[in-house]
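Undergrad: Now for the letters of each chain:
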Amino acid sequence: MTDKLAKVPAGASPAPAGTPPEAIKAIPVRHFGRWVAAIAVIALLALLGYAFSQGNVRWATVPEKLFDPTILTGLWNTIQISVASMALGLVLGILFAVMRLSKNPVTSTIAWLYIWVFRGTPVYVQLLIWFNLALIFPILNIGFYKDEMTDVMTPFLAALLGLGLNEGAYMAEIVRAGIQSVDEGQTEAAHALGMSQSRTMRRIVLPQSMRVIIPPTGNEFINMLKTSSLVVAVQYPDLLRAAQDIASVSFAVMEMFFVASIWYLILTTVFSIGQFYLERHYAKGSLRSLPPTPWQKIKANLRFAPAKRSGGTA
Amino acid sequence: MTPMVKAEGVHKSYGAAHILRGIDLEVQNGEVFCLIGPSGSGKSTFLRCINHLEKINAGRLYVDGELVGYRQKGDKLYELKDSEVALQRRDIGMVFQRFNLFPHMTALANVMEAPIQVKGETKAVARERAERLLDRVGLGDKAGNYPSQLSGGQQQRVAIARALAMEPKLMLFDEPTSALDPELVGDVLDVMRDLAESGMTMVVVTHEMGFAREVGDSLVFMDGGVVVESGHPRDVLTKPQHDRTKAFLSKVL
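Line order of the protein sequences matches chains A and B. Quick note, the first sequence lines up with residues 174 to 487 if you use the numbering used here. Quick note, the second sequence lines up with residues 811 to 1063 if you use the numbering used here.
Each hint should be verified, as a subset may be incorrect.
[Claimed, not checked] If you want the ones that stay clear, here's a sample from chain A, every Cβ over 12 angstroms from chain B, calculated:
#1 A219
#2 L220
#3 L221
#4 Y223
#5 S226
#6 V256
#7 Y287
#8 I315
#9 A365
#10 R372
#11 P410
[As the list claims (entries may be wrong)] BS3-like cross-link-like pairs, simulated, lysine-lysine; straight-line CA separation at most 27 angstroms:
#12 B/K979 to B/K891
#13 B/K865 to B/K979
#14 B/K1049 to A/K276
#15 B/K891 to B/K865
#16 A/K472 to A/K198
#17 B/K979 to B/K933
#18 A/K276 to B/K886
#19 A/K276 to B/K891
#20 B/K933 to B/K952
Please keep in mind that the hints were generated in silico from the structure rather than gathered at the bench. The beta carbon of each residue, even a glycine, is placed where N, CA and C say it ideally should be.
The task is simple: from the sequences and hints, build the whole structure.
TA: The following block contains the structure:
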């Protein structure tokens, strides 16, 4: 017994030398439960599909309207407002997270107040408040600039402020958690090298906190793509609004909601792929080897598939 | 000649815990100064006071004749601004027990970072020096590796190179080999020995009595926040005068 144990690794570890070890050929464990579950799920899906096919849906309308110019304009507007709001939210989030952690009691209190207000009220209400600001301030007058509030507070600006400031409050908490996840020794090492507080934050702490910040931020962005449908409240012509506009004249109400849903799904899917690569980029240094991209996995499988049988190593 | 480090009655406490209870000592220029003592004796804390990572509560601490962390005008002390403290730290290199390399940068980038960011050096100049320093610590071929791809001993040698890149006049070592596997300790000690021979002033908190005896010029034994005994390493380590020193050495030697 001990003889065998000693022999096998000795012959196996330097792969090219000697004869290759005989690979194990065993009958794998059978998973009958999986088959049963898969069949049950397929049956249920088929029933659901059948129900929808019998429903009062004009399916032809869906692909027909998918690339309608109104829909595409709405889609583009949704992308614009989501990206702009997220960008504003990110900048505010980093700013307020750093302020929140500051030793200065004035700045940390300001940050606390901001987070308290904008995280503590519904984003829908915030959108309406921005949009109706003219009710209490008919004229915007900030010294060097003076104009009617209704001219300034366009649907885009109201949507941007409503979504962006709300997002900033959430991002501030995410960034704060990220900053606090970085080992204190990193700050000490940077300080010991003579780096200033702000440079330490920018060069050492923030890049390392990204690994913790990015996954929830991706989540936030996916949320943002969908939450942006609330901007209908401030007359912003987004994807959902475009779908509703068409629905109101064509009476294809559910069909247009399906069209909108398909585009939302496409947006979130495309972004999820982008997020994978972003997370991979910021994993640099914390992992010995990066996880393979799906494309690399496919290539690796193709390359090693024939060799696998003879115990090939990846 | 002004001593490189001069401590006068240094006290430090964290809340109720009184860690340093009046430290007086001098580190001369070009000297390798070893601090030994049981854990909790305050030797690491004292080291961290030298570059103001910790604020002292009483006494005075000078590096190269300059008061650390404060400015004295008449008999009043003024706290230095963060930027002024950073300026003082430029000239003091520090090596940590847990290496604290920047994990998101390669070994080379770790060494180049401070000269570029703090001194405003060009990339070319910083790179040239960083490569030379990595060669010096025997890691010229690992320049492109991230810290997670290096062994503990290699990481610590990169950390030494990183500190040296700022061309400090004083190097602080905080138990630099305590987190290493035994067979990796030698490589790090070799680099430190080489550094000592080049004339660098070094303050070393260590448990490596062999290193202290061979390389050290002065040695201080600390216990309970005070200096119990000091002198030449050979004398203190072989002929300790105090019972506490004897008791400690009998355990570690």
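Undergrad: Now tell me, hint by hint, if it's right for this structure.
TA: Against the structure, the hints come out as follows:
no.: 1; hint: A219; verdict: 49 angstroms, holds
no.: 2; hint: L220; verdict: 51 angstroms, holds
no.: 3; hint: L221; verdict: 47 angstroms, holds
no.: 4; hint: Y223; verdict: 53 angstroms, holds
no.: 5; hint: S226; verdict: 53 angstroms, holds
no.: 6; hint: V256; verdict: 26 angstroms, holds
no.: 7; hint: Y287; verdict: 25 angstroms, holds
no.: 8; hint: I315; verdict: 34 angstroms, holds
no.: 9; hint: A365; verdict: 4 angstroms, violated
no.: 10; hint: R372; verdict: 6 angstroms, violated
no.: 11; hint: P410; verdict: 42 angstroms, holds
no.: 12; hint: B/K979 to B/K891; verdict: 22 angstroms, holds
no.: 13; hint: B/K865 to B/K979; verdict: 21 angstroms, holds
no.: 14; hint: B/K1049 to A/K276; verdict: 49 angstroms, violated
no.: 15; hint: B/K891 to B/K865; verdict: 13 angstroms, holds
no.: 16; hint: A/K472 to A/K198; verdict: 25 angstroms, holds
no.: 17; hint: B/K979 to B/K933; verdict: 23 angstroms, holds
no.: 18; hint: A/K276 to B/K886; verdict: 24 angstroms, holds
no.: 19; hint: A/K276 to B/K891; verdict: 13 angstroms, holds
no.: 20; hint: B/K933 to B/K952; verdict: 19 angstroms, holds
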